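Peer 1: Sequence:
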Amino acid sequence: TFVEAMENSCNPVFAMLADQMTGERFHKFLTAFGFGSRTGIEFPGESPGAIPEPNARVLRWANVGFGQGIGATALQMVMAASAIANGGELMKPYLVKEVRAPDGTVVESHSPEVVRRAISSKTAEELRGVLRSVVENGSGRQAEVPGYLVAGKTGTAQIASPQGGYLQGPKSNMASFLAFAPVDDPVFAGIVMLYKVGQEPSYGGVWAAPVFGRIAEEALTYMGVPGRQG
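Counted the way our numbering counts, the sequence shown spans residues 180 to 409.
The hints are simulated quantities; they were obtained by calculation from the structure and are not laboratory data. From a predicted model like this one, the values you see are computed outputs, not experimental measurements. Keep in mind that a hint or two might mislead.
Think about it this way: if two alpha-carbon atoms lie no more than 30 Å apart in a straight line, the pair counts; the simulated BS3-like pairs of lysine-lysine are [unchecked claim]:
| id | residue 1 | residue 2 |
| --- | --- | --- |
| 1 | 301 | 350 |
| 2 | 375 | 301 |
| 3 | 350 | 207 |
| 4 | 375 | 350 |
Pairwise CB distance ranges (calculated) [unchecked claim]:
| id | residue 1 | residue 2 | range |
| --- | --- | --- | --- |
| 5 | 289 | 227 | 32 to 42 Å |
| 6 | 364 | 397 | 35 to 45 Å |
| 7 | 341 | 223 | 13 to 23 Å |
| 8 | 341 | 283 | 40 to 50 Å |
| 9 | 203 | 351 | 28 to 38 Å |
| 10 | 346 | 191 | 39 to 49 Å |
| 11 | 200 | 400 | 23 to 33 Å |
Using N, Cα and C, we set each Cβ at its ideal position, and we do this for glycine too.
Turn these sequences into a full structure, and let the hints guide you.
Peer 2: What follows is the structure in structure tokens.
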């Protein structure tokens, strides 16, 4: 099933799903989530990433289906996860909430701003359940935090080579974990990316998920988010 594919991070299933979609439809959802364009955050040199054109070959889209053949920034990934957590609405990111003068006067301020709706609220709710299942039953188990419900997705990627293709041999993979918590009332989202993991297997669920779990436990406690009893 789709849920089991997510739990086990099954690349062949995602390749088949991408093959069943048209390039135009796949491209539409990638752009809806903000991939392929700059977020507009107040930081110089931001990369837009890279996604295929709608008329790209079927094989290319099958490749994108499980995360290869696409370039994305960590911020774009967190924005996409946040859109799922936010009921399907993509939010505009910012670094600083407000800037104050020495006398305390607010010179500049930012507040939450919706960019667009990426998916329906119903689909977002279903996806939150699926991502929760990844942590509860699948490859993200080590991100679990006692008293809270974490939802997320593991990632294990080959690192692209400047000369083309991918790095080979030891330390050629990146392990990641993208998540938000608590799943029933999310207050934060984040991503842990470990570059050139030197241990095998270099899976995101083995290395990045437990790091996120430790961070989430500290963050939820610091933010005063009440945990679940029992």
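Peer 1: Indicate, hint by hint, whether the structure satisfies it.
Peer 2: Each hint tested on the structure:
no.	hint	result
1	301 / 350	40 Å, violated
2	375 / 301	38 Å, violated
3	350 / 207	34 Å, violated
4	375 / 350	4 Å, holds
5	289 / 227: 32 to 42 Å	21 Å, violated
6	364 / 397: 35 to 45 Å	19 Å, violated
7	341 / 223: 13 to 23 Å	22 Å, holds
8	341 / 283: 40 to 50 Å	48 Å, holds
9	203 / 351: 28 to 38 Å	34 Å, holds
10	346 / 191: 39 to 49 Å	23 Å, violated
11	200 / 400: 23 to 33 Å	41 Å, violated
Hints 1, 2, 3, 5, 6, 10, 11, counting from the list given before, are not met by this structure.
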